[in-house]
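From first to last, the protein sequence lines stand for chains Z and X.
Using the working numbering, the letters of the first sequence map in sequence onto residues 1 to 220.
Using the working numbering, the letters of the second sequence map in sequence onto residues 1 to 213.
Since the hints were made in silico from the structure, they are not lab data.
We put the beta carbon where it would ideally sit given N, CA and C, even for glycine.
A few of these clues could be false.
[Claimed, not checked] To give a feel for the contact side, a few chain X residues facing chain Z, derived at Cβ under 8 Å:
1) ALA55
2) ALA58
3) THR59
4) PHE70
5) ALA156
6) VAL159
7) THR166
8) GLY173
9) PRO179
10) VAL180
11) PHE183
12) ALA186
[Stated by the list, open to error] Computed list of chain X residues with no C-beta within reach of chain Z, every gap over 10 Å:
13) PHE82
14) MET121
15) ILE130
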Amino acid sequence: MTAHGLAVVWAERGMMLRGLVTTAEIVAIAAVLALALGLVLFVLLVRSQGGPVARAIAWLIDLMRCVPFMLFCYLVYYGLPYCGVLLDGWTAGVFSLAVYNACYFAELLRGAWTQLPREEIEAGSAFGFHGWRLIRHLVLPPVIANALPMLGNQVIQIIKDSAFLIIIAVHELTFSANEIQATFYVPFASFVAAILLYWLLCLAVERGVGAMVRTAEAWR
Amino acid sequence: MGGADLWSLAQGAATTLGVSFLAILFAAPVGLGLALIRWAKIRPLDPVVATLVSALRATPAVTLVLLVYFALPTVGLSLSPFAAAVATLALGSMAFHCEIWRGVLLAFPAEQLDAARAFGMTGRQRFRRIVAPQAWRFALPALVNEMTLLIKVSPAVSVIGVVELTRAAVRIGATTYAPVPPFLIALAFYVPAIGGIVALQRLLERRYGTLPA
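Same shape as in the complex, but just chain Z (with noise of 0.2 Å):
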């Protein structure tokens, strides 16, 4: 990396910042989103066990888990105009994010609670909680705080998977970094540059998580 290099990504630092800045900002609009309606899938796959919508859900997992994220996006992207529904790049890429890991996050909490101590909810039921109070209390505290370091690691993928959203042109960090490149042909200091940017913010997602679970833990 010369000296030059670096001046110059140091010169479109607000351009790096804004590519950065695009990223944080899907990242977290995703992964709150993909998180919602991975909860959602995870009540409706408890609370129809065995049954129709259960099964239907399970497979929609197991199909999305066996499917790239980037084809997904260009599905949603080119797809949806079908459908009637024009998106920009930015949402699009966000509802491809949220669907996609909502599935990922789903199957996380679902691992979580096959691993559940059966007595609990059983003491549970005995106890008159039932359907929906029975899931609130004593199935989402646990099964949520087991799962968090997982559900960690896939925010951290998200980040990643975020890189691809380049390919819609939505300005995130890599269009950035790329941006820099194509103008002042600079590739090593621009992408090194978006590389140590990526890896401040996965270890920033890390410790937050780490904090996280510490609390869970003090609070169990």
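Keeping the supplied structure of chain Z fixed, place chain X upon it in accordance with the hints.
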């Protein structure tokens, strides 16, 4: 979409499998080597490997492939798009292989190593006779899972012009103005390919079990 388009999708699928397979071929042994360096805490290398693996695990494949393809020529090393694609996927996968092996080695039951030590085995003997025959069984399901992640991330290499399956589908859509059908055909390749590997992973998990807690 005609027969020629289906043929180009098939070629794209072959390229997807080719880059993924070659990447694993490089990633598996190097990842194991890096894990052993970290496990044995070989001093000057250990922190370097730890930092490299941490950074690689946080790096999107799209960004990495752009770096490899555009930046290496500036230091006098020009790779073809295909070679850059293999190198990128191998680098990313290598970091995960390292973490998988390191996890297995760190979780290895200490009693067994103590017992081997009590029998007077050297470090090398302990590794060859006690650790290695068991560790690969524990690692196998995770390693197979990493293969599915690798295939799922492989469309990233299309940004430098490698015509793998997803890019082949994009190109057909661009000429026929009907982008969805080729994407669905691509999907019909990815899903059974990845689903098949997932099924293999479940089978291995049942046969060899998971890590002893």
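**Prompt:** In ascending order, which of the hints set out earlier in this document are inconsistent with the structure?
**Reply:** Result: no hint breaks.
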